[in-house]
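Below are the chains, spelled out letter by letter.
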Amino acid sequence: MLTTFGFEVVGKASNGKEAVDLFNTMQSKPDIILMDHRMPLKNGIDASIEILKMNSHTKIIFTSADKSVEHKALSVGVTSFIEKPFTITALHKEIKRVYNISQF
Amino acid sequence: MNDFKEQISSTNTDYKSIFISIPIPVYIWEKKEDDFLLIKFNKSLEILTDGEINNYLGKKLSLLFENNSMMAIDIRNCYNNNFNYCKEIEFEVGKPPKKKTFLATYIFIPSHFVVVFTEDLTRQKQIEKSLRKAEQEKTIILESISEHLVYQDLDNKILWTNKAAAESVGLKIHNLIGKKCYEIWPRRDSPCEGCPVIKTTKSAKSTSGEIITPDGRIWLVKGDPVFNEKGKVVAAVEITKEITQIKKAEESLKKTQLKYRELFESSPYSIFLIDMNGIILDCNSSTNNILSVHTIKDLIGIHFKEALSLFEGNIHLIPRFEKIIQQIISGEQVKDFTFPIAQTLGKTIWVSASVSLVKIIDETLVQFILKDITEKKITEEKLKDSELKYRESFNRSNFYKDLFAHDINNILQNILSAIDLLNIKLQNKMLPEESRELLSIINDQVNRGSNLVSNVRTLSDVEDLTFSIEEVNALKVLNEVRDFLIRSFHEKKVEIIINSPYNEITIYANQLLSDLFENILINAIRYNRNTYIKIQINISKEKKENIPYVKFEFIDNGIGIPDIMKEKIFQRGYSAKEFVSGLGIGLTLVKKILNLYNGQVWVEDKIPGDYSEGSNFVILLPEVVGNN
Chain A
0 MLTTFGFEVV
10 GKASNGKEAV
20 DLFNTMQSKP
30 DIILMDHRMP
40 LKNGIDASIE
50 ILKMNSHTKI
60 IFTSADKSVE
70 HKALSVGVTS
80 FIEKPFTITA
90 LHKEIKRVYN
100 ISQF
Chain B
0 MNDFKEQISS
10 TNTDYKSIFI
20 SIPIPVYIWE
30 KKEDDFLLIK
40 FNKSLEILTD
50 GEINNYLGKK
60 LSLLFENNSM
70 MAIDIRNCYN
80 NNFNYCKEIE
90 FEVGKPPKKK
100 TFLATYIFIP
110 SHFVVVFTED
120 LTRQKQIEKS
130 LRKAEQEKTI
140 ILESISEHLV
150 YQDLDNKILW
160 TNKAAAESVG
170 LKIHNLIGKK
180 CYEIWPRRDS
190 PCEGCPVIKT
200 TKSAKSTSGE
210 IITPDGRIWL
220 VKGDPVFNEK
230 GKVVAAVEIT
240 KEITQIKKAE
250 ESLKKTQLKY
260 RELFESSPYS
270 IFLIDMNGII
280 LDCNSSTNNI
290 LSVHTIKDLI
300 GIHFKEALSL
310 FEGNIHLIPR
320 FEKIIQQIIS
330 GEQVKDFTFP
340 IAQTLGKTIW
350 VSASVSLVKI
360 IDETLVQFIL
370 KDITEKKITE
380 EKLKDSELKY
390 RESFNRSNFY
400 KDLFAHDINN
410 ILQNILSAID
420 LLNIKLQNKM
430 LPEESRELLS
440 IINDQVNRGS
450 NLVSNVRTLS
460 DVEDLTFSIE
470 EVNALKVLNE
480 VRDFLIRSFH
490 EKKVEIIINS
500 PYNEITIYAN
510 QLLSDLFENI
520 LINAIRYNRN
530 TYIKIQINIS
540 KEKKENIPYV
550 KFEFIDNGIG
560 IPDIMKEKIF
570 QRGYSAKEFV
580 SGLGIGLTLV
590 KKILNLYNGQ
600 VWVEDKIPGD
610 YSEGSNFVIL
620 LPEVVGNN
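So the sequence lines, in the order shown, correspond to chains A and B.
For the first sequence, numbering that gives the first Met the number 0 begins at 0 and goes up steadily by one.
For the second sequence, numbering that gives the first Met the number 0 begins at 0 and goes up steadily by one.
Don't read these hints as lab results, they were simulated from the structure.
Careful, some of the hints might be misleading.
Here are the computed lysine to aspartate or glutamate pairs in the EDC-like style, where the Cα-Cα straight-line distance is at most 20 Å [what the hints assert, rightly or not]:
1. 375(B) / 386(B)
2. 66(A) / 463(B)
3. 400(B) / 69(A)
4. 71(A) / 460(B)
5. 246(B) / 214(B)
6. 71(A) / 401(B)
7. 41(A) / 406(B)
8. 400(B) / 82(A)
9. 92(A) / 490(B)
10. 92(A) / 482(B)
11. 550(B) / 566(B)
12. 162(B) / 146(B)
13. 42(B) / 118(B)
14. 400(B) / 65(A)
15. 66(A) / 460(B)
16. 591(B) / 462(B)
17. 179(B) / 192(B)
18. 41(A) / 401(B)
19. 137(B) / 127(B)
20. 66(A) / 401(B)
21. 92(A) / 479(B)
22. 358(B) / 331(B)
23. 98(B) / 49(B)
24. 424(B) / 443(B)
25. 204(B) / 154(B)
26. 66(A) / 406(B)
Taking the hints into account, I'd like the entire structure generated from these sequences.
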């Protein structure tokens, strides 16, 4: 889906632990991470904390169907929060916005 | 004259010996020219004057007594008037001279003699004086005591009484003397029944008793016998004290004690009184039920440890009670406490206890008040159980709500992403044009599902959480909601026009205001069969019952709401019966949020009388006065 808009997906993880491990092993770090919250083994908040610990400049777009975690996610350092369900257009806009921020 | 002189001068006659031996001092004066000469005196006078008188024998009266002295005057009077008399006089005699009182008897002996007998009254006078003083003191003492003293003979005739006794019947002492004691009362001609004085005179012993006099007063009467020298009872002394007030106070105290005893006994709570040594001094009958004893007599007088040992199951309470008693005695505050207590037949009841120090007469005691709270305890347990179940149920419901909302949203997310991809394919003509309508329907349903999830969450929050009310720029929120909805329903031709004569509108609301506006507008969009959906929002201000409101009118061209439904659409409950088919929970949420804001909502027809032309949802929100 993301490739439709010309983005390159450099890695996929099915849970928080995999995401942390993958990020750790990647030599070239992704520009943006799209992070879900409720996942097995490790949730999105804990995964984000560990990733940001490894690289505090990492841009994370946090998504969840539970809006109540928005505040917590932003407080640990994620760049933005989108509540599910969202449209591809909305996601596209948000990725572009966050990417542009990272250029400065 | 010469005979008398010769007689008294004779040395051997009986007359002389008689004269000498008279026990009273005697002077014999003879008139000589203008004075008197002492021609004779007896032995008694010699003793009285310590022999001094011998120096005056044959001497003139004026040498012994001054001319204006009583003795000199009286002798002259006796001689001059030729009569005998006696009177009390005082003069100094002896060595050293002492003033003494005499009864002087002047006897004129014709024709030139005056004989003076001087009986020494000094001692007698002193005794009389002492007696008078003693009598006065006795009178003062008897008069000053508050007890009534009556001295009466064997016929109850009053011989003497004190002032207190006389005043007690409103009479003077002299009115009582001579009367029989019972005669001072009107219409009484016999002694009072059981009179202790009469018993005393008959038994010759002290007797006392209580007497009620005809005026209603109560007296404590004591009779003491008075004996003559032969040991025979001749009179009686009655000592009386009025005890009417004391008796009334005693009676009142007795009644009060009875009253408190009755309260004590009728109390549904068990009340114990324990002394400082732990002995149970008293307890009421309710105690039987608490401690399962047949009678409270089994408890009174025993140590509280013994009482708690009546059932083995209560022995463990002893250290606790010991500690509590020590605490209360040492002045510490002891809070009420509860404990289970074993009874017969293996039954256990719950008891609450209050403990305090009480002062009864002069003794400080520890008071326990025990109350059977078994029923209350059972109810509390049931309530606790019920609360636990409710809490579990609430948590379960919250868990399901959360799970449902989250997972449905995830499902919707996937469907929405799929629609988005299909739309891209449609735009790239990779799908037939007729797919557009189907995609629009799916998209519409996803939006609807997403809105439902959001509303369920918000509705739950409105009911469970506490929201604060603050000042909110309503126009800003309304514009944001409009823009969001236009984007969300981009596949539909939706126009939302806001007509506001004000640039800024401040109302009392909070973050739920966007949910309120969103639901009104979504409703207007969703229940509309027109290809061109037009919603006009008119904003004005009005006062209702003096409260300033901002009025929002959401006028749509939708399917309209029949009159019968106009109120029901806001009143969705939680039971199947209350479910209004075809409508979501959006308007229920609108109503709840407005209740939170003290606002109002109702629906009118766009064209009055014809609901099918569309609706006008009217909302009143409290305005922050002072802002424009």
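These are the hints, each one checked on the structure:
1. A hinted pair counts as satisfied when its Cα atoms are at most 20 Å apart, and residue 375(B) with residue 386(B) qualifies at roughly 16 Å.
2. With a C-alpha separation of about 17 Å, the suggested pairing of residue 66(A) with residue 463(B) holds against the 20 Å cut-off.
3. Only pairs whose Cα atoms come within 20 Å are accepted, and residue 400(B) paired with residue 69(A) is accepted, the gap being roughly 18 Å.
4. With a C-alpha separation of about 18 Å, the suggested pair residue 71(A) and residue 460(B) falls inside the 20 Å cut-off, and the hint holds.
5. Note on residue 246(B) and residue 214(B): the hinted pairing holds, with a Cα-Cα distance of about 15 Å set against a maximum of 20 Å.
6. For the suggested pair residue 71(A) and residue 401(B), the alpha carbons sit about 17 Å apart, so the restraint of at most 20 Å is met.
7. With a CA separation close to 18 Å, the supplied pair residue 41(A) and residue 406(B) stays within the 20 Å bound.
8. Under the criterion of a C-alpha separation no larger than 20 Å, the hint pairing residue 400(B) with residue 82(A) is consistent with the structure, at around 17 Å.
9. For the proposed pair residue 92(A) and residue 490(B), the alpha carbon gap of about 18 Å is at most 20 Å, so the pair holds.
10. A distance of roughly 16 Å separates the Cα atoms of residue 92(A) and residue 482(B); the hinted pair therefore holds under the 20 Å criterion.
11. Of the pairs offered as hints, the one joining residue 550(B) and residue 566(B) holds, with about 19 Å between alpha carbons and a cut-off of 20 Å not exceeded.
12. Of the supplied pair hints, the one linking residue 162(B) and residue 146(B) holds, its CA atoms being roughly 10 Å apart against a limit of 20 Å.
13. A distance of roughly 13 Å separates the Cα atoms of residue 42(B) and residue 118(B); the hinted pair therefore holds under the 20 Å criterion.
14. Proximity of residue 400(B) to residue 65(A) is assessed by CA-CA distance (about 11 Å); at most 20 Å being required, the pair is judged to hold.
15. Under the criterion of a C-alpha separation no larger than 20 Å, the hint pairing residue 66(A) with residue 460(B) is consistent with the structure, at around 13 Å.
16. Between the alpha carbons of residue 591(B) and residue 462(B) the distance comes to roughly 8 Å, so the proposed pair stays at or under 20 Å and holds.
17. The hinted pair formed by residue 179(B) and residue 192(B) meets the criterion: a straight-line CA distance of about 15 Å does not exceed 20 Å.
18. Proximity of residue 41(A) to residue 401(B) is assessed by CA-CA distance (about 19 Å); at most 20 Å being required, the pair is judged to hold.
19. For the suggested pair residue 137(B) and residue 127(B), the alpha carbons sit about 15 Å apart, so the restraint of at most 20 Å is met.
20. Taking the CA atoms of residue 66(A) and residue 401(B), the gap is about 11 Å. The hint holds against a cut of 20 Å.
21. For the hint linking residue 92(A) to residue 479(B), the alpha-carbon distance of about 18 Å falls within 20 Å, and the restraint holds.
22. A threshold of 20 Å between alpha carbons decides the hint, and for residue 358(B) with residue 331(B) the separation of about 16 Å falls inside it, so the pair holds.
23. Only pairs whose Cα atoms come within 20 Å are accepted, and residue 98(B) paired with residue 49(B) is accepted, the gap being roughly 14 Å.
24. This hinted pair checks out: residue 424(B) and residue 443(B) have alpha carbons roughly 19 Å apart, not beyond 20 Å.
25. Between residue 204(B) and residue 154(B) the alpha-carbon distance is near 17 Å, which keeps this suggested pair within the 20 Å criterion.
26. Restraint check: the Cα-Cα separation between residue 66(A) and residue 406(B) comes to about 13 Å, which is no more than 20 Å; the hinted pair holds.
The earlier numbered hints are all upheld by this structure, with none contradicted.
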